[in-house]
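2 protein chains.
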Amino acid sequence: MHRLILVTLSLLSTATLAQPEPKPATVTELLEASKPTDWRVVNPEHVLYMDIPEGRVVIELDPDFAPKTVANVQALAREKYWDGLGIVRVQDNYVVQWADPNAEKPESKRKFKKARDKVPAELDLALDMSVPFQPLPDPDTYAPAVGFSKGFAAARDSAAKKMWLLHCYGAVGVGRDNPPDSGNGAELYAVIGQAPRHLDRNVTVIGRVIQGMEFLSSLPRGHGPLGFYERPEQNIPIHSIRLASDVPKKERIELEVLRTDTPLFAKWIEARRNRSEDWFHYKAGHIDVCNLPIPVRMKARP
Amino acid sequence: MHRLILVTLSLLSTATLAQPEPKPATVTELLEASKPTDWRVVNPEHVLYMDIPEGRVVIELDPDFAPKTVANVQALAREKYWDGLGIVRVQDNYVVQWADPNAEKPESKRKFKKARDKVPAELDLALDMSVPFQPLPDPDTYAPAVGFSKGFAAARDSAAKKMWLLHCYGAVGVGRDNPPDSGNGAELYAVIGQAPRHLDRNVTVIGRVIQGMEFLSSLPRGHGPLGFYERPEQNIPIHSIRLASDVPKKERIELEVLRTDTPLFAKWIEARRNRSEDWFHYKAGHIDVCNLPIPVRMKARP
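Chains Y and Z are the protein sequences, given in the same order. With our numbering applied, the first sequence covers 1 to 302. With our numbering applied, the second sequence covers 1 to 302.
If we strip away everything but chain Y, and leave its shape as in the complex, we get (with noise of 0.2 Å):
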């Protein structure tokens, strides 16, 4: 399209043309030409590792958007409360979740320690202003404003004065029965699929997975109900969930995310938006929300 565009202005005016613009930097030159100061090193008191048989898999946690059930979950990890628990559902294009198999049954199921049984649902939140917020200018599907929060895909609703996280790839949410809070941290999922964004505001979603998400992802499908796992055996057993703060500091995974605040990540999404690398065809000219992967990466030696 832009090609033909070009053609038709060059019939109209080739001097106007005699000095093409530069070609657009693609995704990946944006990335190599990056500055440290483009990416922002994670707070390990906000990252929990998930230990499975598979690999381990590295989730960020969002305070901002769900401090009470965040708050929980760290009490969670601190307790050892998943050890030796598993993940019990995988379900195609939809979720992989981990619980204690035995939660039904209160002669069985695993205590808490400190952790809270109850906390307040966090599907959404007051509008705060002091919350990072990078909009994007696409139009959405679900949400009157979304955009970016230190990396985290969100929305807002400034009519109704709320802001809530989004169900992208990899967005970690919280299980629960029918009433709004009945969940409180302990049954957490990953998103593993087209983003369900019918989700949005349904459950507290309380961060994202930044590594190792193929470990979740390429998990055997559950042929249960919902994509649970029909026998316990087949259940894939957590090793342990820990908060990267409470690791020794030399078993820490460093991990950078790039910012979402920068002048480069305006320019990243604009050339993921309109890819300029020569196999591209068709620009599309737009960008969905949770059809940008935020980068990560191990954190720069000095």
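It is worth saying that the hints were derived from the structure and are not from the lab. Note that the Cβ used here is the ideal one computed from N, Cα and C, for glycine as well. Be a bit skeptical, because a hint or two may be false.
Unchecked claim - With beta-carbon atoms standing in for the labels, derived distance ranges: (1) Z:E270 with Y:E230: 27 to 35 Å; (2) Z:G55 with Y:P135: 41 to 49 Å; (3) Z:F112 with Y:V131: 55 to 63 Å; (4) Z:K267 with Y:K35: 35 to 43 Å; (5) Y:P135 with Z:A126: 53 to 61 Å; (6) Y:D181 with Z:N43: 46 to 54 Å; (7) Y:D157 with Z:E29: 25 to 33 Å; (8) Y:A145 with Z:K111: 37 to 45 Å; (9) Y:E32 with Z:G84: 34 to 42 Å; (10) Y:G84 with Z:E29: 33 to 41 Å; (11) Y:R231 with Z:P220: 54 to 62 Å.
Stated by the list, open to error - With a straight-line cut-off of 20 Å between C-alpha atoms, the simulated SDA-like cross-links for lysine to any residue are: (12) Z:K161 with Y:G285; (13) Y:K283 with Z:P179; (14) Y:K68 with Y:P144.
Chain Y is fixed; fit chain Z onto it per the hints.
Chain Z alone, transformed into the frame defined by chain Y:
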């Protein structure tokens, strides 16, 4: 949200709520109440069976949107082109791709018999009003109008007089090099993550996986550039790819796809747009075209 509105109304006028409307049918209830005429039996000439060690992947082809490419893919299946070739690329949150692992080696690559090396690009087609299309009223980030054509997610641009199929989960497209017409259907991919809609109109989409998607989506991810497997022994062998019409009747899987041109389908979309199940606290009010996986079932026996 909906509940809050009801509460407000009841404060204004309890009388009008004395006879509450019956709760709308759920997605499940609608399908259970469907009639045989709400389903379309797939045409075995438009169905591919891809047999891999994990199981059978069933792909429905749509010649309305890519007639020349579909014809070449049918020819390739008839000459058993893919038998013994492999899945060579599994990129997380993107695509699974199958091809001749020796495609770059002129001396050892597999030759075509009757299939054509050169096929025109069918990235989009001139808008043909005789091709069925049920538009969604919901706004779309990428295209002026999106909806369904016989179960395939599709778009129309009335101003540009074009139509094309969308890259939703399970869509099957034609791998190509930089020239838009460099794909001939021998190298195909299926979408296994968030809909990569920036590929729309950049590649020829020939159909979608209608059964066995999990056999592709749960494959181990490749760790070479672009998710290609790094060693030939990692490739997933393809036993065979056949047209269903070339398989003895008793070995076929007779599938039906929910028709997308019926009153039931309109109700089904509405039930997904505003979920009436007790679990849902907030009704989204909108639906993304790629968040409507069209139901497929085994053909009902008379």
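Evaluated hints:
At about 32 Å, the beta-carbon gap between Z:E270 and Y:E230 stays in the expected band of 27 to 35 Å. In this structure the supplied range 41 to 49 Å holds for Z:G55 paired with Y:P135, their Cβ-Cβ distance being about 44 Å. Our hint of 55 to 63 Å for Z:F112 and Y:V131 holds, since their Cβ atoms are close to 58 Å apart. Hint check: Z:K267 to Y:K35, Cβ distance near 54 Å, so the stated range 35 to 43 Å is violated.
Checking the proposed 53 to 61 Å range against Y:P135 and Z:A126 shows it is violated: the Cβ atoms sit about 37 Å from each other. The supplied range of 46 to 54 Å is met by Y:D181 and Z:N43, whose beta-carbon atoms lie about 50 Å from each other. Hint check: Y:D157 to Z:E29, Cβ distance near 31 Å, so the stated range 25 to 33 Å holds. The beta-carbon spacing between Y:A145 and Z:K111, approximately 55 Å, falls outside the hinted interval of 37 to 45 Å.
Against the hinted window of 34 to 42 Å, the Cβ-Cβ separation of Y:E32 and Z:G84 comes to about 39 Å, which satisfies the hint. The beta-carbon spacing between Y:G84 and Z:E29, approximately 39 Å, falls within the hinted interval of 33 to 41 Å. A hinted range of 54 to 62 Å is violated for the C-beta pair Y:R231 and Z:P220, which are about 23 Å apart. A hinted pair counts as satisfied when its Cα atoms are at most 20 Å apart, and Z:K161 with Y:G285 qualifies at roughly 18 Å.
For a cut-off of 20 Å, the pair hint linking Y:K283 to Z:P179 stands: about 15 Å separates their Cα positions. Pair hint Y:K68 plus Y:P144 does not hold up; C-alpha atoms about 26 Å apart against a cutoff of 20 Å.
Violated hints for the displayed structure, listed by number in ascending order: 4, 5, 8, 11 and 14.
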